[in-house]
Amino acid sequence: MLGIPRAGRRRSAAVLVAAATLSAFTLTSASAQAAPPAVGAAGAPTQTYIVQTSEAPAATYNGGVAGLAPTRVAAGAKLDGSAKNVRAYRQHLAQARNRVLDRAGVSSGKVKYDYTLVFAGFSAELTVAEAARLKKTPGVANVWKNEVVHSETFTTPAFVGLDGKSGAWRKEFGSPERAGEGMIIGVIDSGFWPENPSFGPLPTPRRDQKTIDAKWHGSCDPGVERPITCNNKVIGARWYASDGEISHANAGEFDSPRDYYGHGSHTASTAGGNHNVTATINGGVAGVISGMAPAARLSIYKVLYANNAGTQSTGNSTDIVAAIEQAVADGVDVINYSIGDSLDSFSAVELAFLNAANAGVFVATSAGNSGPDAATVDNGMPWTTTVAAGTHDRSATKTVTLGNGQVFQGAGTGPVAASAPIVDARTSGAAGSTEQSAAQCVSNPPSLDPAKVAGKIVLCERGNNARVDKSLAVKNAGGVGMVQFNPTANSLNADFHAVPSIHVDQTAGAAIKAYIGAGGNPTATISAASNAKVRAPLVATFSSRGPGASTGGDLLKPDIMAPGVDVVAATGPESHNGNLWDTNSGTSMASPHIAGIGALILAKHPNWSPMMVKSALMTTAGVRDNEGQPIQDQADGTDANPLEMGAGQVAANEAFDPGLVYDSGITQWLQYACGIGADVGDACDSVGSVDPSNFNNPALSVGDLAHKQTLTRTVTNVSKLPALYLPTVQAPPGIKVDVSPKIIALLPGKKQSFKVTFTRTTAALGEWSFGSLRWRDLLGHDVRSAIAIRPVAAAVRLEQSGSGASGQVALPVTPGYTGTLGASGHGLQAATVDRWTLAPNEAVTVDVTVPEGTKVARFATFDADYPTGTDIDLTVYRLNPSGPPTQVGQSAGGTAEESVTLTQPGTYVVEVVLFAASGPLEVKHHRWAVPAGNAGNLTVTPPSQPVTAGGAASVTAAWSGLTPGQRYLGVIEYTDGTTTVGSTNLFVVA
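Once you know that position 486 of the sequence shown is 535 in this note's numbering, the rest is easy, because the numbers rise by one and skip nothing.
These are calculated hints, taken from the structure and not from any lab test. Among these hints, one or two may not hold up.
Below are the EDC-like pairs computed for lysine to aspartate or glutamate, each with C-alpha atoms no more than 20 Å apart in a straight line [stated by the list, open to error]:
no., residue 1, residue 2
1, Lys184, Glu174
2, Lys582, Asp442
3, Lys804, Asp831
4, Lys524, Asp473
5, Lys159, Glu174
6, Lys800, Asp706
7, Lys501, Glu484
8, Lys757, Asp1025
9, Lys161, Asp270
10, Lys653, Glu221
11, Lys127, Asp262
12, Lys161, Asp151
All figures in this text were calculated on a predicted structure; none of them were measured in a lab.
Use the sequences and the hints to build the structure in full.
If you want it as structure tokens, here you go:
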């Protein structure tokens, strides 16, 4: 099990390289700079912090305060923010906030938001000194820096099992027009475009109006700029703009819930847009679309705003926690959150969602768009449902035919581009444009030279700017067609472009580039689009993959997959060439499918808890495509696995009657949080902790199996009849699986636990192996759990600390084999210390070479070197032979205790930012590149010992002769006599 990364990730003020984001439908990269701190009344710089007080929020308060009744609701019930006991307790929390502020000597006028329902605390504009005082004030549990985050269907209803004669809309609700009645979906995003027919008023009278009136406590804030109106479809709308640097970065944005960027309109209409709406794009009919829960009501919470370049939408955690708080208070049943920070961590947002789930709200989140690399999944906590993106079964294909007769297939919509000369955008740049901006066909500022492009088809490289912006650049320069290619493996997208276009993969792109580069008179023809039903789903290449960084794979993430490629839905016309609808791709598009289907399940089963809904979706998901074959990974054409697609493709029609569910609640969630090292105050003292593998998740996952491990799960019978279930195991190759008991007999509503024991036999060490466990009854229920196991040769501590010029530590080892365990030491190496005098918010960089053969490299700063309240951030970039630097690590918590660890050789740039301090001070940056070999100050015993698979072993690391006051780093390396089986980084303060 791996420890959780530090929370509070923030982009640094100094711009070194464009940083990858979760901008979902554009799938682009852009820099996201933090604004410099504001200046307080006394001249000290300030910034926004989120302060968590030590009392429970209303969602989890279970009594204990004299005169105040419990506000926590029973499993399956919804928290009513307007209830008398809840109002009284919220007033108590407000008084507690005032006491905390008074004790810390902080003015209540600095408070921006009060949080009482899903988070107990507030956000405020504070100096470093004020934040430091609050952190040490009795009654304060935690203080977080404000965190910058980003945004991450005409055939999809039928494809996921909703539409059609046997689809869930008709089977469960009688008709699509009634699907989702009584449900309210909250969408935390970039707003909505109220004039879009997807958000038009529902027919009246409404059968569910009394139900809605009984639960709805929200309001419609029209805003200041281009005010919006609500109706009986969109019943609520609010906007949050605590940071003017974010909300006013783009001149086109609105001080209102109105959606400029279009991301929020797209997600909201996918989750709960009106049924049978004709969508038109660029003047042509794209199809008839519907949201997943077309009869549900919507409540909009705008927290994202377009950046200056219009390439992504950005927000901050202060506003997001406020929006989660308000959504629960308003009475929503479901929240869609297609937002992320590309970091699987636990922070204020995750804690707010934990409490929202405890209040009875189902939360769907996007998995991120950083695929196909492993360990990139975002939003990885178990109380939310994390959604991967897949393709769907309708595809618009085209071909491009070169003058030499070569033909390449790709994706595209629209008409033909007749034979014309073809040029490479990289060599067709306008005066003053960079080669890269020309290659990527950036429209603003114009990057293409009309003299080189007019009348020609242009080869454009994917990346940086929106795909449709590239064809706009071609059109503006007089081009007549575009061939867009992927420089690396990624999805192919049939967008609606400004000129006839085709999107091809990296292989075709390289061949076309070579054809153009060969000289002569290269020409090309682009065919018209051919619309056909295709094999689907495929896991989209861009979809982020597990294992989650916070557990190393002990909790399977993502949870499930839904359509997220070329989804047609509503958008913001002012950033989409006047279109009210457009195609977008990303896990942001997949998540609202699950949010809408979750609302449908809750409409049918209003007493189900959010985790029962999640379980029903996961255990009924499909793992075969529409041709009956295993679902494929688009990135490499191999069979997809649970780290890529979770439990599989959502199958809505089956999820209403899953038979058994795996439920969990606040106690289990807190135990999980404690198990991964998350900061949840003193809750761990009362609830304990659980290995993430043993959390009651519908999937079974172990990321560090040392020979043998047993997991426990508990199921609940949610059918109306007694049931008898028998297990069927598809064992991961090389893993023995034992299930006990061999039969489950349950009355309706009853629970039973079972155990699953995994034992490695021949599975490759360090490699994932996959399978499934299915519980089946005679009534047709098939409850499937994905299995993901990674055997390791030895389970060891990843990090160990020590102190003193001499000393020793014992290191436990659990071997996954029988044989010999060898142990040796590398280092200890004293740190190289870089010193600079920096002013607050000033940045400096240092180049570092990590040689071949280095055992570990680390860059760090330490709280002990600075006054209380100092905040330093580290970001590490790898220099590439060609192209811009790549960010490979960041540590940006709320203190000066920061660290980034690497193992790969190369040349790196380390950016050190004194984010906050009382004034200029000397910053000390420590760095190590530990070479192979013992430095003579480290002894590891025993050097060799016999071990048994699954047995307990111990190694002692002892050091001597260190220079007092210096910091040392070394590596304890374990072998089986010939091969390295694990290592522990040893950090010693002498």
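Now for the hints, and whether the structure bears them out:
The hinted pair formed by Lys184 and Glu174 meets the criterion: a straight-line CA distance of about 14 Å does not exceed 20 Å. As the CA atoms of Lys582 and Asp442 are separated by approximately 5 Å, the hinted pair is consistent with the 20 Å bound. Between Lys804 and Asp831 the CA atoms are separated by roughly 18 Å; this keeps the pair inside 20 Å, and the hint holds. With a C-alpha separation of about 15 Å, the suggested pairing of Lys524 with Asp473 holds against the 20 Å cut-off.
With a C-alpha separation of about 5 Å, the suggested pairing of Lys159 with Glu174 holds against the 20 Å cut-off. A C-alpha spacing of about 17 Å is found between Lys800 and Asp706, which places the hinted pair at or below 20 Å, so the restraint holds. Restraint check for Lys501 and Glu484: satisfied, since their Cα atoms lie roughly 14 Å apart, inside the 20 Å limit. At most 20 Å may separate the alpha-carbon atoms for a hinted pair to count; Lys757 and Asp1025 meet this at roughly 18 Å.
A distance of roughly 18 Å separates the Cα atoms of Lys161 and Asp270; the hinted pair therefore holds under the 20 Å criterion. Proposed proximity of Lys653 and Glu221 is supported: the alpha carbons are some 8 Å apart, at most 20 Å. This hinted pair checks out: Lys127 and Asp262 have alpha carbons roughly 15 Å apart, not beyond 20 Å. The suggested pairing of Lys161 with Asp151 holds, with an alpha-carbon distance near 16 Å, which does not exceed 20 Å.
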